[in-house]
Amino acid sequence: MNYKSILIVTYGRSGSTLLQGLLNSIDDTIIRGENYDFCYGLYKSWQAINSTVDHYGNHTPASSPNNPWYGAENFDQHAFIAQAKSIVRTQLLPADASTDTVYGFKEIRYMNHLDDLEDYLQFLNRIFPQPAIIFNTRNISDVISSQWWQSKADVSTPLIEQATKLFANYCLNHSNTFLVKYEEIISDLDHIKQLFSFLGAPFSEHETLKVLNTVHSYGAKQSTLAQSRHISQETLSRQQESQTTPTIKGSLVLETKMADKRLKEGVIIILVIRDEALRLPWILEYYTQLNCAGFIVIDDGSTDGSLEIVRPRNDTIIYHVNNLKYDRGVAIFAEACFGHQAQASGKYLTRPFMPTAPRLLRSLRNHLFAALHNSSLTLRRHKAAAASSSSFARALNYE
0 MNYKSILIVT
10 YGRSGSTLLQ
20 GLLNSIDDTI
30 IRGENYDFCY
40 GLYKSWQAIN
50 STVDHYGNHT
60 PASSPNNPWY
70 GAENFDQHAF
80 IAQAKSIVRT
90 QLLPADASTD
100 TVYGFKEIRY
110 MNHLDDLEDY
120 LQFLNRIFPQ
130 PAIIFNTRNI
140 SDVISSQWWQ
150 SKADVSTPLI
160 EQATKLFANY
170 CLNHSNTFLV
180 KYEEIISDLD
190 HIKQLFSFLG
200 APFSEHETLK
210 VLNTVHSYGA
220 KQSTLAQSRH
230 ISQETLSRQQ
240 ESQTTPTIKG
250 SLVLETKMAD
260 KRLKEGVIII
270 LVIRDEALRL
280 PWILEYYTQL
290 NCAGFIVIDD
300 GSTDGSLEIV
310 RPRNDTIIYH
320 VNNLKYDRGV
330 AIFAEACFGH
340 QAQASGKYLT
350 RPFMPTAPRL
360 LRSLRNHLFA
370 ALHNSSLTLR
380 RHKAAAASSS
390 SFARALNYE
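In terms of numbering that gives the first Met the number 0, the sequence shown opens at residue 0 and continues consecutively.
It is worth saying that the hints were derived from the structure and are not from the lab.
Mixed in with the good hints, there may be bad ones.
[What the hints assert, rightly or not] Here are the simulated DSS-like cross-link-like pairs (lysine-lysine), alpha carbons at most 30 angstroms apart as the crow flies:
(1) K209 <-> K192
(2) K209 <-> K3
(3) K164 <-> K180
(4) K192 <-> K164
(5) K3 <-> K164
[Said to hold, decoys possible] Label-pair ranges, simulated between beta-carbon atoms:
(6) S140 <-> E204: 27 to 35 angstroms
(7) I80 <-> Q193: 30 to 38 angstroms
(8) N124 <-> A78: 17 to 25 angstroms
(9) L158 <-> P93: 32 to 40 angstroms
(10) H205 <-> N290: 33 to 41 angstroms
(11) H173 <-> N57: 25 to 33 angstroms
(12) H205 <-> A78: 15 to 23 angstroms
(13) E117 <-> P93: 46 to 54 angstroms
(14) D27 <-> S174: 22 to 30 angstroms
(15) I86 <-> N313: 54 to 62 angstroms
(16) D27 <-> N290: 45 to 53 angstroms
For each residue, glycine too, the CB sits at the ideal point set by N, CA and C.
The whole structure should be built from the sequences, with the hints applied where relevant.
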């Protein structure tokens, strides 16, 4: 491990309990939960001692019993830091913990003192050994929609925006920091791998999926992580995968039993995937709730059970491409569907959880129309003047 302690800095309903669970999956690591901000009390005591020593501890009259600040010179700042180190370790770790155990905690109450956040974090850097500070953020609208925030949404929105900016600015100037976005954690294992690489911790896909398949905090939404319980074992998935139609490299090939399937008129979501079982349930529900008509899934050799999630659906048609890297898959998809080269595909392809996604979704409404002809996929432009709200396509690319 690159660090001997880990601190999660965040705000309420940000998904930080899931992050806490992921970190606790690392061997010989104990990251505790919230504690009513007990370290902030140590910080305020540290400030008080500093002020006492600075203002009165160096004055000779303070050594006299008739002085209001009698004994101020006896406060020992260095001793306090040593004692604070001992306090946090004793409170956070069991008595039999190894000296090599990485420890820390997550706290949401940094929102109560954003004005002195940087000074407080510097204090925590003093009392925790070689700390890694992980800032956890989440889409503000999702945070505010929780009942925990709703009663004070008018106040909390600018507060969360301020916190997010402070977190980002602190990261720019401190190498022992890492910024986590909840939406990325639940949608892509690569982001978790990057976090573990930063920490110097070994990454286990098996252990990570176990954590992601466990409900965290107070009744986590089944539409996010809990739905990833549909993930099958890799060996079983490969057996099932072998039953699909053989594909030709670089081609879009319709899966067996899909030839007679038709999607109803409306919004068609096109997904280019490979091993996306972790986030597929969330994505499918997200766009189903937006009243999308159906999904065209272009699979690039998934082996993790992704196809077993989409095959039973009546609103999904599956195509296959074989042995393609994502960039090549994007190029084929973009050229086949839009008639553009790969470098132009970014104009149409984006992640559904990006802040710009809803705006882009609406902007495509008047420009694209999706249709299936026999067993081939075609996507043609539709004049804006003749377009309706039910005739457009949304193209997504997962990298």
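(message) I'd like to know which numbered hints this structure contradicts. Please list them from smallest to largest.
(response) The structure conflicts with hints 12 and 13, although it agrees with all the remaining ones.
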